[in-house]
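Colleague: First to last, the sequence lines map onto chains A and B.
The first sequence: position 58 = 1044 (my numbering), numbered continuously.
The second sequence: position 86 = 633 (my numbering), numbered continuously.
Everything labelled a hint here was simulated from the structure, so no lab data went into it.
Backbone N, C-alpha and C define an ideal beta-carbon position, used for all residues, glycine too.
Don't take each hint at face value.
As the list claims (entries may be wrong) - 30 Å max Cα-Cα, derived DSSO-like pairs, lysine-lysine: (1) Lys-617/B with Lys-603/B; (2) Lys-616/B with Lys-573/B; (3) Lys-1054/A with Lys-617/B; (4) Lys-1054/A with Lys-1010/A; (5) Lys-573/B with Lys-617/B; (6) Lys-616/B with Lys-1010/A; (7) Lys-1064/A with Lys-645/B; (8) Lys-655/B with Lys-573/B; (9) Lys-1064/A with Lys-1054/A.
What the hints assert, rightly or not - Interface residues of chain A toward chain B, partial, derived using beta-carbon atoms under 7 Å: (10) Phe-1051; (11) Leu-1082; (12) Gly-1083; (13) Pro-1090.
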Amino acid sequence: DAGVIQSPRHEVTEMGQEVTLRCKPISGHDYLFWYRQTMMRGLELLIYFNNNVPIDDSGMPEDRFSAKMPNASFSTLKIQPSEPRDSAVYFCASSLGQGLYFGPGTRLTVT
Amino acid sequence: SQQGEEDPQALSIQEGENATMNCSYKTSINNLQWYRQNSGRGLVHLILIRSNEREKHSGRLRVTLDTSKKSSSLLITASRAADTASYFCATVTGGGNKLTFGTGTQLKVEL
Chain A
987 DAGVIQSPRH EVTEMGQEVT LRCKPISGHD YLFWYRQTMM RGLELLIYFN
1037 NNVPIDDSGM PEDRFSAKMP NASFSTLKIQ PSEPRDSAVY FCASSLGQGL
1087 YFGPGTRLTV T
Chain B
548 SQQGEEDPQA LSIQEGENAT MNCSYKTSIN NLQWYRQNSG RGLVHLILIR
598 SNEREKHSGR LRVTLDTSKK SSSLLITASR AADTASYFCA TVTGGGNKLT
648 FGTGTQLKVE L
């Protein structure tokens, strides 16, 4: 298996622009997680899905952030409009319930 | 908010020595997991210990869990330069699969 796939790997955008991050989980995994990592705040759970249904989105910072999982093999995290404080590495991870498999992350820079 | 706090924040040892990292958490857990993160990469799952277990081994890794003290330790024996990475503990609490990460320990193994 190719592991968790994320795209793009790097994204540089200007403040106010819409950003869409994409994730393909490992086939057969029924959990999908979105995390954000910064030096100041460490690893923060934004949202997680089980069988494509959002279970806990309490970590989503504000209404500018939204996440979808239209099917078992694809998820998106959208930021609209983006702000400089959104700059971070965004990780997607999938799981069968025992241990997470992380993707390589998307490094987002908002100028 | 961070559930786990790792100690020390940074650790530097010589190759061949043992490395011990500690994790303290605040609320009752279902299980506790340890992850490794190499610079610029996603996290890699190392080991999971359930709340009713006290010790687990995996290769050169030994994990202990003391639920009365709400703490866990990760021991890496006979360390190698390739073990240089950040190590995170993460806890699962409640009825879901929400994984909350600690602040991490940066381990440097020198030749």
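Colleague: If a hint holds in the structure, say so; if it doesn't, say that too.
Modeller: We went through each hint and held it up to the structure:
For the given pair, Lys-617/B sits about 16 Å from Lys-603/B by alpha-carbon distance, which is consistent with the 30 Å threshold. For the suggested pair Lys-616/B and Lys-573/B, the alpha carbons sit about 10 Å apart, so the restraint of at most 30 Å is met. Note on Lys-1054/A and Lys-617/B: the hinted pairing is violated, with a Cα-Cα distance of about 35 Å set against a maximum of 30 Å. Restraint check: the Cα-Cα separation between Lys-1054/A and Lys-1010/A comes to about 12 Å, which is no more than 30 Å; the hinted pair holds.
The straight-line distance between the Cα atoms of Lys-573/B and Lys-617/B is roughly 7 Å, inside the 30 Å bound, and the hint therefore holds. About 39 Å separates the Cα atoms of Lys-616/B and Lys-1010/A, which puts this hinted pair outside 30 Å; it is violated. Proximity of Lys-1064/A to Lys-645/B is assessed by CA-CA distance (about 21 Å); at most 30 Å being required, the pair is judged to hold. As the CA atoms of Lys-655/B and Lys-573/B are separated by approximately 27 Å, the hinted pair is consistent with the 30 Å bound.
Between the alpha carbons of Lys-1064/A and Lys-1054/A the distance comes to roughly 9 Å, so the proposed pair stays at or under 30 Å and holds. At its closest, the beta carbon of Phe-1051/A sits 17 Å from a beta carbon of chain B; the interface hint therefore is violated under the 7 Å criterion. The criterion of a C-beta within 7 Å of any C-beta in chain B is not met by Leu-1082/A, whose closest approach is roughly 10 Å, and the hint is violated. About 6 Å separates the beta-carbon of Gly-1083/A from the nearest beta-carbon of chain B, less than 7 Å, and the hint is met.
Taken as an interface hint, Pro-1090/A checks out: its beta carbon lies about 5 Å from the nearest beta carbon of chain B, inside 7 Å.
Checked against the numbered hints above, the structure violates hints 3, 6, 10 and 11; every other hint is satisfied.
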